[in-house]
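Guided by the hints, dock chains B and C onto chain A, whose structure is given.
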Amino acid sequence: MRLARLLAAKLIAGIVMIWVVASATFFLVLDMPGNPAQAQEAQDILHGMTPEQAQRATAAMFGFVPKQPLADQYGHYLWQLLHFDLGQSIAQEGTPVAHIVASAFPWTVVLAASGILISFLLGVSLGVIAAVKRSGLLGDSLTLGGAVINGLPTFVIAILLFYLFTTIWALFPQGGNVSIVYDPGWNAGYIGSIVTHAVLPVIAYALATLGAWLLTTKSSVVSVLGDDFILAAELRGLRPLTVARYITRNAMLPLFTILAIALGLLFSGSVFIEDVFNYPGLGQLMISSITTKDFPVLDGAFLLIIMAVIVANTLADLAYPLIDPRIRRR
Amino acid sequence: MTATTALTPEQLQRGLRRSRQRTARRWALLVNTPGRALSCLILVVFALLAIVGPYLYPANLPINPKNIYAPPSPAHLLGTDFEGADTLALIVTGARYVLFAAALAALITVVIGTTAGLAAGYYPGLAGSAIMRVTDFVLAIPGFPVLLVLATIWNFGSLWEMAVALGVFGWGGIARAVRAQTLSLRERGFVEAARGLGLPGGHIIRTEILPNVAPYIGMNLMLQLTGFIYVEVGLFFLGAVPYSTNNWGVMLNNAVFQANAVTSPRALAYLLSPLICILLITIALVTLANAVDEFFNPRLRRVR
Amino acid sequence: MTGEADLVITEALEGASTAAVAVRVRDLTVTFPTPDGPLPAVAGVSLELAPGAITGLVGESGSGKSTLALTLLNAVPAPGHVAAGEVRVDGIGDVLALRRAELRRARGAKLGYVFQASQNSLNPLKPVGKQLLDLGRSHGVRDRRALLHRARQLMDKMGMDAARVLASYQHELSGGMRQRVGIVFALVLNAHVLILDEPTTALDMLSQAAVLDIIRKVHREHHLTTLIISHDVGVIGDLADRMAVMYAGRIVEEGPTASVLADPMHPYTRGLLTAMPRISGDIGAARPLPGRPPDLTSIPRQGCVFRPRCPLATDDCAAAEPPDTVLSNTGLRDRRFACYVTAGELS
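As you go down the protein sequences, you meet chains A, B and C in turn.
Going left to right, the first sequence walks through residues 199 to 528 as my numbering numbers them.
Going left to right, the second sequence walks through residues 55 to 358 as my numbering numbers them.
Going left to right, the third sequence walks through residues 2 to 348 as my numbering numbers them.
Pulled out of the complex, with its shape left as it was, chain A reads as follows (with noise of 0.2 angstroms):
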């Protein structure tokens, strides 16, 4: 009963949380310059539409309508925000935000989380490797390697994929999600080009999180090796097939906190990488946004990032008491 409490309270957190940046964002399109929808407002007047009409309109834009009382205006945005609805952008005319960004969103997430598989398997692999081989010349290599992995911009490293695979040695295309060459659907052409296109910006994510793995499960392995009960089971005469059985599962654990943080890094990092490849996902949609100063189309891609790492640093949250079973306790 205890562990049902805990995760329930961890639950509340996070949508505790997702209010919270839900509400700081609405206050910041406030906040912005000359209150775009404000403006919005009166150029629909202008244009013609009755003040009611351009209420409605700019209503169904931003989530919310502007002179109205504070407390009216903040429950009109949080009530759209419950049914899904984003507002409209302005830069398209009358598309819901909703629906440009739930276009954006796989190219970044589908990448995003392809990267992290590749980095999570080789980093703690390599890991491993650095924490066992840690007096040595191998291990110091790779730890330092890891380390500077870790500290290097993401844009850094985008800038030098693409430099030297697309353009020194032209091995993959200069950007894009596809070519246009190919009609959309599941054909051979089509799926050959967006995988050809895809493997840079993969590469790139892996890259940005590979030191994250490397380092904290080689000092996680190093930790627990230092631990009593390794020396114990040795002592105990286990076998070492065993004895590594339990080093690995002691050794994950910390790997969870960090999946929070290195989702955060990779959707830092989409931006950049995005950038650089001209991926169209969320990280452009970001960047063109603020361009051309679509500031609906802003709020619900930052919004949709930000519940996204929110979500799951609650998943992995809620995960942690059900792998070890000490936090379970309180």
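Each hint should be verified, as a subset may be incorrect.
[Stated by the list, open to error] Computed list of chain A residues with no C-beta within reach of chain B, every gap over 10 angstroms:
#1 A296
#2 V354
#3 M450
#4 L453
#5 F493
#6 D497
#7 I504
[What the hints assert, rightly or not] Chain A stretches covered by chain C per the calculated footprint, using a threshold of three residues with CB under 8 angstroms from any CB of chain C:
#8 425 to 431
#9 439 to 448
It is worth saying that the hints were derived from the structure and are not from the lab.
Think of the CB as a built atom: it goes at the ideal place given N, C-alpha and C, for glycine as much as any other residue.
Relative to the frame of chain A, chains B and C by itself:
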């Protein structure tokens, strides 16, 4: 257990000598491998560039419209930029903004993060939980998108404003680390003894806990610096923050988006120079962070 | 006591005998690398654990007693290594000469080790019962039920709720229970040698008394050869048949417990005993030893290692380490100590 008898002057001398030797040995850790010595050198060089650099060149660098994106030559060791200005000069003058902003931001995060971490760790009840909730929140938010959105309503291009913007969102990591350390220290004998003596909490925190937390802060600081350099250069690179003073991010922006340096082999030096500088600084900071770790954590030292 | 389950396990371990087993340590030296070169944490130690007896090893922290205990299972922590000597156990031979696979089999099945920090000697992520099965599997025990039955027997004898303990995780057990579980793990495979490193240090007084009782009972009922290591002379005095005193990596005195406690020969032993305050009598009579226990680098390289703190030290003590003086050589009754001055007084 055993009573301590009064120390003779000879014993005092011997003790002092031994502790001085120990300290000297520890400082030697910073330079005891060629890699570490080189890292110290790199950081010193860049620090000098940051402080002294802008004085070496005139306020407005000479431009030469007939010599844009020139390859490296004896006159221009790293080539020229889109206006014909010397790349090396741009690197040297651009260092100040990048490094100062990162250093200031790091300072801000240390102040906020340490305070939050100490408070949350020493008063773990309701206050501590509240602080940790906030910290977790700040930590979870992907900093970069937030800064992007922030950039639309607030132009924080100036040095101080950039430092504040970075610092306000970056203190989560230090707070977490400091809190964990404070929590464990709190249960240790000397802290319990101090509390038993009735010493006020603030005093205990300052004299007992803070010195023991310092090593973690030191290490974290170095790694934070790499992160901040990343973020600020990134912001300029994307053009999210408009051009204020010359810095490496602006150079990258010009190189990639103006000069199309990534699709053509010209302007290679212009593109690579800031990248390599960032690379060097990152490697140096990471190597020294490891050294600082060994400094305070003798277990990690190896008999070399 | 001995029943079907025990016989099955005994067979699984290839006919281990149930007679008591002797352990002989000869000239053991274990060194650690330091900036000043390799230095010995254990120097030329010879010790015999008489079969069926409880031997106690007393020493301050840093005396090398834990290193000695680990060496008995050839488990010296890196970067230390065994420079010389042997550890002979009946039925196994020289533990230090065993190949890796044989060594692994000997640990746990023939030599049982109970940890100093039994508080954390189990995998925190697995219930006790599952780890017991892991232990059995690693040692080729095919009958799981018999193994669990034997474990339950041991736990019952120690006053624990076996069913509950087997289903628990380590953090759900109290300190005393964890210590007892450590003893169960050391004995469940019918080992004949039991080594306990500071079994009561982390416990409160009541749990201490309970654990000491259990050790005594278990030692008797299973015909063990037991080595108890402690810095607490009281614990040794309570349990051990014979005791050895260790200082700076050397055994400075050894003999029947009652005899050593009543009439200590080595100045260090005398100092230790004088330092203990008694419950009755004048508390001012207790006097601590002057100085501090040495660490690896501050042990004198020449002459008697106790010289810096010894009230009886003479110039002769600086020349070379004192040899063992043996008082009588009749098995369990013999005593030896290493001091020039006391030996001189006796003759």
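Evaluation of the provided hints:
Distance check for A296 (chain A) against chain B: the nearest CB is about 18 angstroms away, which clears 10 angstroms, and the non-interface claim stands. With a minimum CB-CB distance of about 6 angstroms to chain B, V354 (chain A) fails to clear the 10 angstroms threshold, and the non-interface call is violated. Look at M450 (chain A): its CB is around 19 angstroms from the nearest CB on chain B, clear of 10 angstroms, so calling it non-interface holds up. A cut-off of 10 angstroms between C-beta atoms confirms that L453 (chain A) is not in contact with chain B; the least separation is 16 angstroms.
A cut-off of 10 angstroms between C-beta atoms contradicts the statement that F493 (chain A) is not in contact with chain B; the least separation is 8 angstroms. Under the 10 angstroms C-beta cut-off, the non-interface status given to D497 (chain A) relative to chain B is violated; the minimum distance is some 8 angstroms. With a minimum CB-CB distance of about 6 angstroms to chain B, I504 (chain A) fails to clear the 10 angstroms threshold, and the non-interface call is violated. Coverage of a stretch by a chain is defined here by at least three residues with a beta carbon nearer than 8 angstroms to that chain's beta carbons; for the region 425 to 431 of chain A and chain C the count is 6, and the condition holds.
Interface restraint, the region 439 to 448 of chain A with chain C: holds (4 residues with C-beta to C-beta distance below 8 angstroms; minimum three).
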